[in-house]
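J.: Generate coordinates for the entire structure from the input sequences, incorporating the hints supplied.
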Amino acid sequence: MSETNTSVTTKRLRQILVICVTTAIVGCIVHVLPLPVALRTSVGAVATVVVGGLGVVAWLPPLRWDLLVSSVLAIGLSLAIVVTTVLLIARLYTPVAAAGLSVVIGLVLAGLRDAREQRS
Amino acid sequence: MVHDVESLSGAVAPVSALGPRRTVLALLAASLVAWCVALATISERNVNGLGFAGAFNAAAWIALGCAAIATVVTIRGIAAASRWFWPLVVTCLGLLIAVLHGTPMIIESAPRFFEAYNHVGFIDYIYRTHEHSTKVNIRFAWPGAFGLGATLSGTAGAPMLLGAIRVFPTVFACVILLPIHSIVRAFVNGRRARAAALVLFVIGNWIAQDYFSPQAVAYFISMTLVALVLHIAPAAGPSIRRFSEWAAPRRTDCSVVVIFTLMVVATVVAHQLTPMMEIALILALVVSGATTMRVFPVATFVIFVTWLSVGAYTFWVGNFNVLFGVRQFGGQSISLTTIIAENLTNRLKGDGLTLVVALSRVGLSFLYMAAGFLVFWLGRRDRRIGVLSLLAVAPFVFLGSTGYGGEALLRAFFFSLPFLSILGALLLERIQWKNWSVAAACIILAMLAATTEISRYGNEQFEQVEAVQLTAMEDLYHATPPKIEILVFSSALPVNFVRVGDARTKYMNFFTYVAPGPSGPNGYQETIDQIQAVHPQVVVWSPEAATFAVRSSGFPKGWDTKILDYLITEAHGTYVVDRPDIKIINLDKKWHPSPGAFSNVRN
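Heads up: the sequence lines are chains A and B, in that order.
For what it's worth, numbering that gives the first Met the number 0 labels the leading residue of the first sequence as 0, then goes sequentially.
For what it's worth, numbering that gives the first Met the number 0 labels the leading residue of the second sequence as 0, then goes sequentially.
Simulated from the structure, these hints should not be mistaken for lab results.
Just so you know, these numbers come straight off a predicted model, no measurement behind them.
Please note that the accuracy of each hint is not assured.
What the hints assert, rightly or not - One-sided and incomplete, this derived list gives chain B residues near chain A with beta-carbon spacing under 7 angstroms: (1) 149; (2) 153; (3) 220; (4) 260; (5) 264; (6) 265.
What the hints assert, rightly or not - The following label-pair restraints were derived from C-beta to C-beta distances: (7) 358/B / 20/A: 53 to 63 angstroms; (8) 63/A / 246/B: 24 to 34 angstroms; (9) 91/A / 523/B: 50 to 60 angstroms; (10) 21/A / 242/B: 48 to 58 angstroms.
Stated by the list, open to error - Reference listing, derived: stretches of chain A covered by chain B, where coverage requires no fewer than 3 residues with Cβ under 8 angstroms from a Cβ of chain B: (11) 16-24; (12) 31-41; (13) 44-54; (14) 93-105.
Backbone N, C-alpha and C fix where the C-beta goes; we use that ideal spot for every residue, glycine too.
T.: Following this line, the structure appears as C-alpha cells:
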C-alpha cells in the first residue's frame, strides 16, 4: 500500500472512531434525559446500529457510499441480532444489556482497528 | 428549447420542447400535487377485489402516471454525466415508492398485514419475559429478529410498535435500494442502465415480503452480503467447468470472512428460509467464478445446519418430511408438481376482480422472467450475463428443496428480482431509442406501475385492518382474565400483538378436515366438533377473517353465518361487540366484562 493510501486509510479509521464515540456518547446522554420515551428509544436504536455497524465496518476495505451505508445498517443489525440471541440463550438478556453490549463491541472494534493502523 | 440526449444504447433522441430537466421537474411537481389531492380524497372503504387499486381515484392514477413518465424522461433525457441525473432519479424513485407503498401507509386507519401484529406480540413477549420459549410459539426457534426488535425498541420503556408496522414497508422499499444499487454497480457501469435497473426493481416488487417481519430484515442483510461479496471478494476467474483453474488458490482477508460469517449467523437465527437463498446466491457466485470465497457456501451451510440441529430442534423433530421437502397431505407425498400447483395454478382460481389480480401477478412475474431469459439468450457468451442469469435462477432451486409450499414461488421470485431487474436494464441497453420508443416506454412504465399497484400482495380486502377492529381487540385483551382462550374465524385478524404466552389464540382456518375439506358434506359438522374441542371462552369474527378462510383454506361462501348462528343459538354465546366489521362473542359464563370495557367500540 502506498504512503498516500495509508494516510487515507488512517484518516478514514480515525473518522470512524470519532463518529462511533460521538454517537455512543450522544446516545447515552439522550437516553438518560427526561425526554419522551419514543425519542429516547429511537436515538438509542440508531446509536446501537450505527456504532455496532461502523465498528465492524472499520475492518472492511474502504467502500463506496451506497455500500457503506447499507453495510453499516446490515452489519449493525446483524451484530445486534447475534448479541441478542447469545444473551437470550445464556438467559442474561435485557434490552439495555444487548444494546449496550453491541455498542461496546462496536467501540472496541473501531478502537482496535484504529490502533492497529497507527502501529503499522 | 430542444435537447438532444444520448440513449441507453448511445443513439440520439429529442425529448421535449421544454427541455428534459424542466419537463421532469414539471412532471414531478404535477405528480406530487396529484398525490396530495389523492391523499385528501381517497378512502380505504373503496378497497375492492382489485385491492387498494380499487380505492385509487383519478388523482392517484395521475400521480402514478406522472411519476412513471418523469422517470422515463429522466433516464432517457437527462445527460448521464449531469449533476442533476442522480438527484432526479432518486426523486422519481421516491415518488414512485410514495404513491405505490406510501399511499396505504397514510390512508389506512390501522396498518394492514395481520401477520405483522403477531410479530409485534413476539417482540413484546421477549421484552416482558427476557426469554424465547418455543413452547409458546415455534417461531421462537428463530428468535434473532424478534430479539432485535425487543433490543432496539425496548431500551427506554415498553415497545410501542404498532406505528412501526405502518411505516415499515415504505421505509424498507427505500432502504433496500442501497444494497440493490451496489449489486447493480457490480455488473453495470452506465448510469442510465443502473437507474433503469433500480426502477425495474421498484416496479417489479409486488411480492410484499417487506412488511414488519424477520424475512424483511434478513432480506436486507442478505442483499448487502451479496453486494459485499461482489465488491470485496470479486474474482474474474473461470467457472467451475474449468475446474483445475477454478480451484487454484485465491485468498480472502480473514476479517472479511469473519464479518460475512457474522451476517450469515444473523440471518440463520433470524429467519428459517433466508439462509437457503443466501447459500443458493453465494453458490451461484462461486461456481461462476465471480468470487474468491469458494468455501463460504459450505461455511454458510454448516452454520445453517448447526442452528437447525440445535437451536431449532423443536421445529424439525418429528417433521423430517417437511425439512427435506417431502410434504404430505392425506398420507400422500406432495410432489414438486403439486408444490408448483399450490404456488401458481391454484392462485389463478377465482373469479372477477380476484382473477384479474392473480393474472396481473403471474403476468408481471413472467414478463420479468421472459425478459431475463431473452437477455440470457442474446448475451449467452457474455460472462456478466451468465453470472446474472445464474443468480436469477438460483433462488428457484429452493422450490424443490423445501416443503414450504404456498409462498415458496413468491419468495424465490423476490430473491431473483434484483438480478432479473439488471437483466431487464441490459435489455433496454440494446434498444435503439427513437422518439416513438420514448413515448412507448413512458406508456409501458406507467402501465407496469399501475399493474404493480393492482398486483401488490397485501392489497387484498382481507389484509385490511380497520381502526375499530384494532381498538376492539385492544379492549378485548385489556378486559379478559389471564389464560384466556380465544378462537378467531381465521388468521386474518389483528391478534397476538400483546399477551403472547398468556392469551392463547386458535384459528378456524387451521382446523384439520378429512377430504374433501371444509366445503365437503361434513364440513360444517367437523367445524362445530373442533370448536367444541377447543372450548374457547371468546370467539372473534370479522368479514375479512371469514373471506380469508374462503380464499386460503377452501371454506364455502357464507360458512361464517352458519357458525355465528350456532355460537349464539346453540352454544348460548352473547355478543360483547356486535358490529358489521367485528363481532366478539363471549362463551365464558364466568367472565362478565365491565360496562366500560368496550366503550371505545360502539355497537
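J.: All hints, please: hold or fail.
T.: Results of checking the hints against the structure:
1. Annotation: interface hint on residue 149/B holds; nearest CB of chain A at approximately 6 angstroms, less than 7 angstroms.
2. A distance limit of 7 angstroms between C-beta atoms decides the matter here; for residue 153/B the minimum to chain A is near 4 angstroms, and the interface restraint holds.
3. Because the beta carbon of residue 220/B sits about 5 angstroms from the nearest beta carbon in chain A, less than 7 angstroms, this interface hint is met.
4. Interface restraint check: residue 260/B against chain A, minimum CB-CB distance 10 angstroms, threshold 7 angstroms, status violated.
5. The beta carbon of residue 264/B comes within 6 angstroms of a beta carbon in chain A, closer than 7 angstroms, and the hint placing it at the interface holds.
6. The beta carbon of residue 265/B comes within 4 angstroms of a beta carbon in chain A, closer than 7 angstroms, and the hint placing it at the interface holds.
7. For the pair residue 358/B and residue 20/A, the supplied restraint of 53 to 63 angstroms holds, since their beta-carbon distance comes to about 56 angstroms.
8. At about 31 angstroms, the CB distance of residue 63/A to residue 246/B agrees with the hint of 24 to 34 angstroms.
9. Between residue 91/A and residue 523/B, the C-beta spacing of about 51 angstroms keeps the proposed range 50 to 60 angstroms intact.
10. In this structure the supplied range 48 to 58 angstroms holds for residue 21/A paired with residue 242/B, their Cβ-Cβ distance being about 51 angstroms.
11. Restraint check on the stretch 16-24 of chain A versus chain B: 0 residues with Cβ-Cβ distances below 8 angstroms, three needed, restraint violated.
12. For the stretch 31-41 of chain A, the stated coverage by chain B holds: 4 residues have a C-beta nearer than 8 angstroms to a C-beta of that chain, and at least 3 were required.
13. Taking a C-beta to C-beta cut-off of 8 angstroms, the stretch 44-54 of chain A contributes 3 residues in contact with chain B, enough for the three needed, and the coverage statement holds.
14. Only residues whose C-beta sits within less than 8 angstroms of a C-beta in chain B count toward coverage, and the stretch 93-105 of chain A has 6 of them, enough to reach three; the restraint holds.
Hint compliance for this structure: hints 4, 11 are not met, and every other hint is.
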